[in-house]
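Participant: Chain residues, written in single-letter form:
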Amino acid sequence: MSFQTITKDGVAVVTVTNSRLDASIAPELKQVVSDVIEAGSTRIMIDLDSVQFMDSSGLGAVISSFKLTGKKGDFVICNMNESVREIFTLTHMDRLFEIYTSSDEGFARLCA
Amino acid sequence: MEGQSALVVDNDARSCINLSSMLEKLGFSAVSANSAEEALRILETSGIALVLCDWQMSGMNATELCEALRKRSSESYIYFVLLTGSSDSEFISKALKAGADDFMHKPVDPSELGVRLQSAARIIELQRKLTERNAFLEFAYQSVTTDLKIAAKVQEDLLPRQFRLAVLDTNWVFKPANFVAGDMFDYFPLGDDYFVFYILDVEGHGIASALTSFAINNQLNPSSHGLCSRSLKIQKGVPEAVVDTVSNLNRQFQGNLNSSRYFTMIYGVIEVSTGMVTMTQAGHPAAVHLPVKSGEPIALGDGGMPVGMLEEASYSPISCQLAVGDRLFLYSDGMLECQNDDGEFYGSERLLKRIGEWKDLPIEELGDLFDGEISNWNGTEAFDDDVSMVILEFTGKR
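Same order as they appear, the protein sequences are chains A and B. Note that my numbering numbers the first sequence so that position 84 is 84, with each residue one more than the last. If you count the second sequence from 1, you need to add 112 to reach my numbering.
If you are wondering where the hints come from, they were derived from the structure by calculation, not from laboratory data. Hints may contain errors.
[To be verified] Now the in silico label distances, taken between C-beta atoms and shown as ranges: (1) L238/B <-> S83/A: 46 to 52 Å; (2) A264/B <-> E38/A: 36 to 42 Å; (3) E38/A <-> A411/B: 41 to 47 Å; (4) K218/B <-> R20/A: 58 to 64 Å; (5) S255/B <-> Q31/A: 54 to 60 Å; (6) P222/B <-> E28/A: 37 to 43 Å; (7) R20/A <-> K261/B: 48 to 54 Å; (8) Q274/B <-> E28/A: 40 to 46 Å; (9) R20/A <-> K209/B: 37 to 43 Å; (10) S83/A <-> Y253/B: 22 to 28 Å; (11) R20/A <-> Y253/B: 23 to 29 Å; (12) N81/A <-> S231/B: 37 to 43 Å.
[To be verified] Just a few of them, taken from the derived set where beta-carbon distance is under 10 Å, the chain B residues facing chain A: (13) R373; (14) A394; (15) G395; (16) G416; (17) P418.
Heads up, the beta-carbon is just placed ideally off N, CA and C, and yes, glycines get one too.
With the hints as extra help, turn the sequences into a complete structure.
Facilitator: So this is what it looks like as structure tokens:
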């Protein structure tokens, strides 16, 4: 399993447990997020703590997850390492997403 | 078992005859060999898949024969039954280790032989099917590979010429990860006054990405009255035309929720008379300007949204003045994210350093040099992601 999903207080936290978020697991991330939305979650946090490397397909999967959540939902990302953050900066996606440095902060934001 | 052949190997001619007649009663056609050496010669050409071999033979013994058969490169499997007069478990285990499939005690009991050979026939049939399926897969793989090689040639033919153009010297590196690439680039004159250049990288790599890159390339192709020619013909300023082109692509390549195959690109225009560059950076790694005067490479721009990712993406122009002799480097993330054996990325710092170090080398040599550099870093010619680089040197009017 490359992902772990915990739903707490109506917030779905999807933790990527692989060190690489790349083409090999990107479709699975979309599926996991689609499943939690199907199950009724509208507030979603992606936790990237274990991710050392993310490629273009990984970024694509995060964007797709964000789009799936839709305008009515809430979507945040937490625990990016330096190299992942660089990709978000280069693609200006850091301006689109709410990004938190810890899962506690991100979770608190979604519960607020 | 009907119609199958079996080979009986025994020094003793009478044993051979006995066993052969038992086999024939079971529906086999039996062939005999007086020695292991003769057995090897027969098996070389006969296609027999079942061998019953006496354990005690002069010359090459049963274990050695079995080992020799297992070492053969032939794909068809030979089922090997050892006939032993001994119940020495050490001997039997040695024979099984050497690759024997089964063993039977002598004298052979006809009804036991029948049962044993039924299971042998099952295994031989399974092996035959496996071999057949492998041959089919091999054939399918070969034909896919042949197609991909043709597609790779098609893509290579779409790439621009290297070296001297009217006001530019050029060179490039192009290394698809899997025959065809999601990376593409081109440069060409637009009328007498401008040069267009771009590099793009479709998310992922392989066939699906390559097909998307072909489609985008087609949109930008000047001979197909693509976007860039249209927008530059509109007599707005160059920066507006550059931004318009990328914005149009962004609208055109919006996927649906399930298939959002986006791409990153740098798209730019050089004004021939002045060397003024105007470009847009859409999520692509920063272009690098190498001024001939300072010899210090400069990364240009602070990013931008990829194309086809979000409908509302907006783009802004970056400008850069080229003097005669200045170089511009464009490259894909496959270069920066190329990892060596220790997992270390090639990275932009190393790239900028190299660009600076090689400033006095002629541009004709840079393609091969960067190709060698990144291949060395990667350690093999098999790349995880497409690697591409375009080098432009402004020469002014010649």
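Participant: Flag every earlier hint the structure violates by its number, smallest first.
Facilitator: 5, 6, 7, 10, 12
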